[in-house]
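K.L.:
These protein sequence lines map, in sequence, to chains E and P.
Here the first sequence is numbered in my numbering, starting from 1 and rising by one per residue.
Here the second sequence is numbered in my numbering, starting from 1 and rising by one per residue.
To be clear, the hints were calculated from the coordinates, so they are not data collected in a lab.
Using N, Cα and C, we set each Cβ at its ideal position, and we do this for glycine too.
Among the clues, some could well be false.
[Unchecked claim] Computed list of lysine-lysine pairs in DSS-like fashion (alpha-carbon distance at most 30 Å, straight line):
1. P:K122 x P:K87
2. E:K133 x P:K178
3. P:K81 x P:K167
4. E:K117 x P:K178
5. P:K75 x P:K87
6. P:K81 x P:K122
[Claimed, not checked] Footprint (simulated), chain P over chain E, 3 or more residues, beta carbon under 8 Å:
7. 42-49
8. 119-130
[What the hints assert, rightly or not] Beyond 12 Å from chain E on every Cβ pair, some chain P residues (computed):
9. G84
10. D100
11. S110
12. P133
13. R197
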Amino acid sequence: MARPAHLMIALGLFLGLATAVSAHSFEANGLTVTHPWARATPPGVPTGAVYFVVTSDGVEDTLLGAASPVAGRATLHRTIVEDGQSRMVPVERVTVGPDQPIAFKPGGYHLMLMPLKHTLEEGESFPLTLRFKKAGEIRVEVVVRPLTATDGGMNHGAMKSMDQDTMEAMDHK
Amino acid sequence: MIDAVDNADACRRHWFAAENKPRFRRGSRRFTTVALMLLLCFAVAGCSSEQSWRTTNITGVMPPLEFTLINENGKVVSASKYVGNGKVNIVFFGYTYCPDVCPTTLARLSGVVKRLPETVAKDIQILFVSVDPARDTPERLAQYTSAFGSRFIGLTGTQKQLRTLTKRYAVTYSYGEKDASGNYPVSHSSAVFVFDREGDVRLLMSAYGPDYDSIEAMAADLKQLVQ
Numbered sequence: 001m002a003r004p005a006h007l008m009i010a011l012g013l014f015l016g017l018a019t020a021v022s023a024h025s026f027e028a029n030g031l032t033v034t035h036p037w038a039r040a041t042p043p044g045v046p047t048g049a050v051y052f053v054v055t056s057d058g059v060e061d062t063l064l065g066a067a068s069p070v071a072g073r074a075t076l077h078r079t080i081v082e083d084g085q086s087r088m089v090p091v092e093r094v095t096v097g098p099d100q101p102i103a104f105k106p107g108g109y110h111l112m113l114m115p116l117k118h119t120l121e122e123g124e125s126f127p128l129t130l131r132f133k134k135a136g137e138i139r140v141e142v143v144v145r146p147l148t149a150t151d152g153g154m155n156h157g158a159m160k161s162m163d164q165d166t167m168e169a170m171d172h173k
Numbered sequence: 001m002i003d004a005v006d007n008a009d010a011c012r013r014h015w016f017a018a019e020n021k022p023r024f025r026r027g028s029r030r031f032t033t034v035a036l037m038l039l040l041c042f043a044v045a046g047c048s049s050e051q052s053w054r055t056t057n058i059t060g061v062m063p064p065l066e067f068t069l070i071n072e073n074g075k076v077v078s079a080s081k082y083v084g085n086g087k088v089n090i091v092f093f094g095y096t097y098c099p100d101v102c103p104t105t106l107a108r109l110s111g112v113v114k115r116l117p118e119t120v121a122k123d124i125q126i127l128f129v130s131v132d133p134a135r136d137t138p139e140r141l142a143q144y145t146s147a148f149g150s151r152f153i154g155l156t157g158t159q160k161q162l163r164t165l166t167k168r169y170a171v172t173y174s175y176g177e178k179d180a181s182g183n184y185p186v187s188h189s190s191a192v193f194v195f196d197r198e199g200d201v202r203l204l205m206s207a208y209g210p211d212y213d214s215i216e217a218m219a220a221d222l223k224q225l226v227q
């Protein structure tokens, strides 16, 4: 009578997969990278941006860099708005801790892809490797959202409050 | 409508009167303070009774829309081409190589337009002015803006034309250092300027940054301005 066990395993796998897909998160060495996404790019534009949230379940770590096969370079940047003037500054490292999540989002930190090897098309996904000081490399899949996306698209239902709280808690001053 | 215009004029007068406070003599300071407070009360009451805005009302604070630029076909154009058709113009300065600020702002503006009924949306056009003419050719601009929709229009210009326009609206732009492959970031204004059908400046919106205006707020104000 192995069938029920198989069913349970299948169900477990299905649920596990379903959870992984809906939450779209990647865990490794105490760090969780949630919902990495990029906005589709207009034709001919060689730059793209990736956004995501990193949380830690205990250890403090530092994001040092990133790489993706879709672009020549993936660099950490922050946009600063002062007196209505915006400028982009390169960032060497970003610290993540149990009380200090990292939120890369429009209007703050972003990972700049440049030059893009091809236009980022809505609906596709591509690999990205984030390099941390302690946790090492974490490979994630970045989902490409529509060109007109203004956020990660997780702002519905239960995700809304969680996502927004994470975002707001994070706003590194 | 005439009332609204009179009211806006009145607001402007009160505003400038309040701004003039250093001119008053020292001896009559108490009287001046009381007078100014009364004036401000009237100004606030007067401004809010007719129209209330959720984004920043800058009516009369800046000059009407005027420029000479280059359009997506490489032709020299003046603002009258865009004001003359009776549309509400939204002006934003940026560049197509911009990975975060510009696409985020244009995406939010696209969200605003989508939220509006077609009867309102058809009277709105978004002028995306590239301050990076060295890389943003008219062809590239055309490709870029059309990706965001038919209401988005790309413009650029010579450095002189761009300096004249940015100076007119008290914003600036500058170029960062080139990297190994010759690319550079551009510092630019994150402000969104809104001009009414007559080309007069009306609202300052922020679609980006820590205190950005919500899509709902921008849509509500544009609807009020169009109708």
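K.L.:
Confirm or reject each hint.
P.N.:
Here is how each hint holds up against the structure:
Pair hint P:K122 plus P:K87 holds up; C-alpha atoms about 8 Å apart against a cutoff of 30 Å. This hinted pair checks out: E:K133 and P:K178 have alpha carbons roughly 28 Å apart, not beyond 30 Å. A distance of roughly 21 Å separates the Cα atoms of P:K81 and P:K167; the hinted pair therefore holds under the 30 Å criterion. Only pairs whose Cα atoms come within 30 Å are accepted, and E:K117 paired with P:K178 is accepted, the gap being roughly 20 Å.
Annotation: proposed proximity of P:K75 to P:K87 holds, straight-line Cα distance about 21 Å (limit 30 Å). Simply put, P:K81 and P:K122 have alpha-carbon atoms about 16 Å apart, close enough for the 30 Å limit, and the pair holds. Residue count for the stretch 42-49 of chain E with a Cβ under 8 Å from a Cβ of chain P: 8. That meets the three needed, and the coverage hint holds. Residue count for the stretch 119-130 of chain E with a Cβ under 8 Å from a Cβ of chain P: 0. That is fewer than the three needed, and the coverage hint is violated.
Here P:G84 stays apart from chain E, with its beta-carbon at least about 28 Å from theirs, past the 12 Å limit. With a cut of 12 Å on Cβ distances, P:D100 falls inside the contact zone with chain E, its closest approach being about 5 Å. The claim that P:S110 is not at the interface with chain E is violated, since a C-beta of that chain comes within 12 Å of its own (minimum 4 Å). With a least CB separation of 16 Å from chain E, P:P133 remains clear of the 12 Å interface cut-off, as annotated.
Here P:R197 stays apart from chain E, with its beta-carbon at least about 25 Å from theirs, past the 12 Å limit.
The structure fails hints 8, 10 and 11 (numbered hints given earlier, in ascending order).
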